[in-house]
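Given chain E's structure and the hints, the job is docking chains H and S onto it.
Residue numbers (our numbering), protein chains in the order written: chain E, 1 to 268; chain H, 1 to 438; chain S, 1 to 303.
Treat the hints with care, since some could be wrong.
[What the hints assert, rightly or not] Here are the simulated lysine-lysine pairs, DSSO-like style, with alpha carbons at most 27 Å apart:
#1 E/LYS91 <-> E/LYS109
#2 E/LYS109 <-> S/LYS113
#3 S/LYS202 <-> H/LYS251
#4 S/LYS296 <-> H/LYS251
[To be verified] Which stretches of chain S does chain E cover? Using the computed rule of at least three CB atoms under 8 Å from a CB of chain E, they are:
#5 117-131
#6 202-208
Just so you know, the hints here were simulated from the structure itself, not pulled from any lab data.
Just so you know, even glycine gets a beta-carbon here, dropped at the ideal spot from N, CA and C.
As a plain string of letters, each chain reads:
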Amino acid sequence: MNTKKKTIDTHTDNDKSEIRMKTQSLSVFYNNEQALFDVSLDIYNNRVTALIGPSGCGKSTFMRCLNRMNDYVEGCRITGKVRLDGFNIYKDNVDTILLRQKVGMVFQKPNPFPKSIFENVAYGPKIHKLTSNKDELEALVVKSLKRVGLWEEVADRLSSPGTSLSGGQQQRLCIARAIATEPEVILMDEPCSALDPIATARIEELIAELEQRYTIVIITHSMQQAERVSDQTAFFHMGKIIESGNTEKIFNDPDNQKTKDYIGGKFG
Amino acid sequence: MIKPFERRRRITVQRIKKKKSPFIYKSYSKKPKHTWLKKRKAAERRFRNAGLISILIAALFLVSLVFNIVSSGYSAFTGTQIKLSITFQTDLVENDAYRKIIQNALLDVFPDVKTRKEKRALFVLTSRNAVYELRDLVAQDPELIGTKKDIWLPAASAVSIFYKQRLLEESQRIGKINGDQAKWITLLAQSQRMKVKFNMPFFQNGDSREAEQAGIFASTVGSFFTILVCIMLAFPLGVATAIYLEEFAPKNWITSVIEININNLAAVPSIIFGLLGLSIYLNFFGMPRSSSLVGGMVLALLILPVIVISTRNALQAVPQSIRDAAIALGATPTQVVFHHTLIYALPGVMTGVILGVARAFGETAPLLMIGMVAFIADAPKNFTDPATTLPIQVYLWANNPELGFVEKTAAAIMVLLGFMILINLLAVYVRKRYEIKW
Amino acid sequence: MAKCERLIRASLLACTMLSVMITVLVVASVFSETMRFFSNVSAFDFFFGTEWSPQTAMRADQAGGSGTFGAVPVFLGTFLVTLIAMAVAAPLGLFSAIYLAVYASPRFRLWIKPVLEILAGVPSVVYGYFAVITMAPMLRAGGEMLGLSIASESALTAGTVMGIMITPYVMSISEDVISAVPKSLSLGSLAMGATQSETVKKVILPAALPGVVSALLLGISRGVGETMVVVMAAGMAAKLTVNPLESVTTATVQIMTLLVGDHEFDSDKTRAAFALGFSLFIMTLFLNILAVIIVKKYRERYD
Chain E
1 MNTKKKTIDT HTDNDKSEIR MKTQSLSVFY NNEQALFDVS LDIYNNRVTA LIGPSGCGKS
61 TFMRCLNRMN DYVEGCRITG KVRLDGFNIY KDNVDTILLR QKVGMVFQKP NPFPKSIFEN
121 VAYGPKIHKL TSNKDELEAL VVKSLKRVGL WEEVADRLSS PGTSLSGGQQ QRLCIARAIA
181 TEPEVILMDE PCSALDPIAT ARIEELIAEL EQRYTIVIIT HSMQQAERVS DQTAFFHMGK
241 IIESGNTEKI FNDPDNQKTK DYIGGKFG
Chain H
1 MIKPFERRRR ITVQRIKKKK SPFIYKSYSK KPKHTWLKKR KAAERRFRNA GLISILIAAL
61 FLVSLVFNIV SSGYSAFTGT QIKLSITFQT DLVENDAYRK IIQNALLDVF PDVKTRKEKR
121 ALFVLTSRNA VYELRDLVAQ DPELIGTKKD IWLPAASAVS IFYKQRLLEE SQRIGKINGD
181 QAKWITLLAQ SQRMKVKFNM PFFQNGDSRE AEQAGIFAST VGSFFTILVC IMLAFPLGVA
241 TAIYLEEFAP KNWITSVIEI NINNLAAVPS IIFGLLGLSI YLNFFGMPRS SSLVGGMVLA
301 LLILPVIVIS TRNALQAVPQ SIRDAAIALG ATPTQVVFHH TLIYALPGVM TGVILGVARA
361 FGETAPLLMI GMVAFIADAP KNFTDPATTL PIQVYLWANN PELGFVEKTA AAIMVLLGFM
421 ILINLLAVYV RKRYEIKW
Chain S
1 MAKCERLIRA SLLACTMLSV MITVLVVASV FSETMRFFSN VSAFDFFFGT EWSPQTAMRA
61 DQAGGSGTFG AVPVFLGTFL VTLIAMAVAA PLGLFSAIYL AVYASPRFRL WIKPVLEILA
121 GVPSVVYGYF AVITMAPMLR AGGEMLGLSI ASESALTAGT VMGIMITPYV MSISEDVISA
181 VPKSLSLGSL AMGATQSETV KKVILPAALP GVVSALLLGI SRGVGETMVV VMAAGMAAKL
241 TVNPLESVTT ATVQIMTLLV GDHEFDSDKT RAAFALGFSL FIMTLFLNIL AVIIVKKYRE
301 RYD
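Looking at chain E on its own, in the form it has when it is part of the complex:
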């Protein structure tokens, strides 16, 4: 226990400089109702950051700010800053298309397009013209499918519809689809909530592998999952961050009583 904790601490210290994304006193309003209050959080490079908290606490709102998906919510207004590599993504001259290519997203319910498995993964590279010919595109699709461990399962039926897969496979397909656009940050909004335990374990394993290449932010309602997959954890409550920091610390020795209660299962 002790030794382990130590390695992680040093690990984190080494990477302290590598803050990939950062929010500074971020507040979000839906029409006149405030959903987030002065949220400041650092998201480290090549780390998994878990966002936990009871329903309606603002986790999803916060996540949608990171790739500006809130732009599509009617009446949503934002103050404060969200920085990617030090650049404020809410500046006027930021291109949301390029931003979303860099910051991918995986949704709560698997949402494969009503197209073939191949077309699902190839969609992103096609619209962004990431590849210059058909061979490259195929290679990229295969690479993405392999990376999420779906290749063996679907290699012989790439042209069957994405919706024909099982729930867990669909979600991995969606992750493959997200990584095919070559993002640097992947946002995952409760990616396992619609899946059974086996599929969940598969996704968790996948997250651990992806962590080497991507910066991952994940929302989860499962404390065990947050503890298993994440390096950093932020606890949201009533639109505020109550506590954030090293996962080990949050789960074993939280500073705040509310955090302790939530993790201990007293509310949520």
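Frame of chain E; chains H and S shown alone:
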């Protein structure tokens, strides 16, 4: 292989460092990648604008339709009158020669009119109906006989249009107003002998060969009778059918055939119902042709499926839990329907019925086929009298090339659209005011 | 109590039976007249003959003369006018629907929707008047500028106005269909950095395609059965032409001219109208059933 609930071991492999590349700014470089992005953005703009333009075109059509109708129709709501000093000569009155009386009065104003041709042009300045107005006047007040009095008489339609809009060119083109007449009208106007007045005959009369006397009263009454018959037939029948199908019918293939049947009926072209009216109602049952009774029966067929479908939707919207609650209290199935389900669904039912009526109100083609196309001067007094409806009046006038009828057509359309908007507002009101949200 | 219950149920059932009877009656009456027509005039001549002049058959010595009831020009005219109408209504309706469903702000939608609903509620006789008074002179003037001579009653005029009339109808069905595509799909696409138009073209429309197709089919079915606009703005003479600048006639126009006014009922002339009506009925029925089947398949995919 997978141990889901085991704390995962930290992976200590070398983390792959990636170059930071904040390609998120719009100041694109000339890399091929960015020209592609520019193209995408342009495509996006084009697509969005195409949508906006489509909507605007549709809206523009409505605006131009309304503008067109209002601008050519508003003048029909006013009529022009000419003041003449009428001498009620006893002998002429007794011989019923009111025409001569008016002609004399006109000649008094323009004494230098001598030739036959000129006289003929002069005498058509007043409406032909001026004769009847004078006769009525004398009948009301016999004391007038033998006296001389200034009286406002209706002007002919062409005169009216010329005076109201100064459409000399157009009036001349269709040969209604010649140069002399234009001069006389101007003179009459200068001597305060002409005035524009609200056109009551338009709302009081039926159809007429004289544009200035043609009105929408008869056709509006006809519309009213027809719609009344239509509602009285279609409403009970449609609602009862919907209740049976939704609440009582066993779910078997017969029911589903009936459903498909009724749904398809909703999409049958209206002219087919005219064919039915012609062959069954008129030829087989020998019902009175052109009557509002047959018209209403044809329209009832037309809106029956509309009412059935909207009633079923309204009934479906009532949650099952309400029915269960009533059943649990010991209500019989019909009590459940008539005490609860139907009552709660009533706003939806009414909205559907009102919208169905709106459709029936504007319907023309099937009514033309059962002979409601006749020239009707008097409002129908009962359901079997020959009648016409407002849309048919519009159709009849639209086919009449006389300039006076152009404005009448547009005015009748304005009234028709006014009724349509009222009916639709009623539907909106019922929905907003009474609808129950589950 | 139980007696009353039975009575109510029986009367409800009676009403339903009456409704069904009526629907059967509609078909049966038109069908029987049509059959009587085809016993006098061969169906082959009707469906493949190219000369339509029913009036000549009214002469006693020539009753039921073959060759005068060739309905090809009539159907061709119907087809031409409907085609022009759809050329107007399909792009306008579809693009408007996409704009309303995807781009429009709630406030814009609040204002524009009633406007389009009014457009949908205007009686067709008003559109007919609009076609005659406004559209025909406008198109004629436009045609003159381009050196084309457009007949005062032309397929183009009738088709264009009919298209305007059908546009709100196509639009509202397409909008429903587009809005029915799960939001998660379009969000998934947008989150990958696709533009709205790419999302619409590559994700939403392919998903909504069956619904859009059935919206267009329903639009066609309305165009085929529309009467007043063509009666007022297309022509009476049956010409075998596909030139939109000339006057053409349609099935509905012919039914009207054959049946409106005084006439003896028992003649081939009037029965020809029933034959046309029956063909029209079958055509629209086919289109509607097809549309319903397509939509049902599509609903199943997402429910």
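Here's how the hints hold up against the structure:
1. Simply put, E/LYS91 and E/LYS109 have alpha-carbon atoms about 31 Å apart, too far for the 27 Å limit, and the pair is violated.
2. Under the criterion of a C-alpha separation no larger than 27 Å, the hint pairing E/LYS109 with S/LYS113 is inconsistent with the structure, at around 32 Å.
3. Restraint check: the Cα-Cα separation between S/LYS202 and H/LYS251 comes to about 40 Å, which exceeds 27 Å; the hinted pair is violated.
4. A hinted pair counts as satisfied when its Cα atoms are at most 27 Å apart, and S/LYS296 with H/LYS251 qualifies at roughly 19 Å.
5. Coverage of the segment 117-131 of chain S by chain E is violated. Counting CB-CB distances below 8 Å, 0 residues qualify, and the rule asks for three or more.
6. For the segment 202-208 of chain S, the stated coverage by chain E is satisfied: 4 residues place a CB nearer than 8 Å to a CB of that chain, which reaches the threshold of 3.
When held up to the earlier numbered hints, the structure conflicts with 1, 2, 3 and 5 and fits the remainder.
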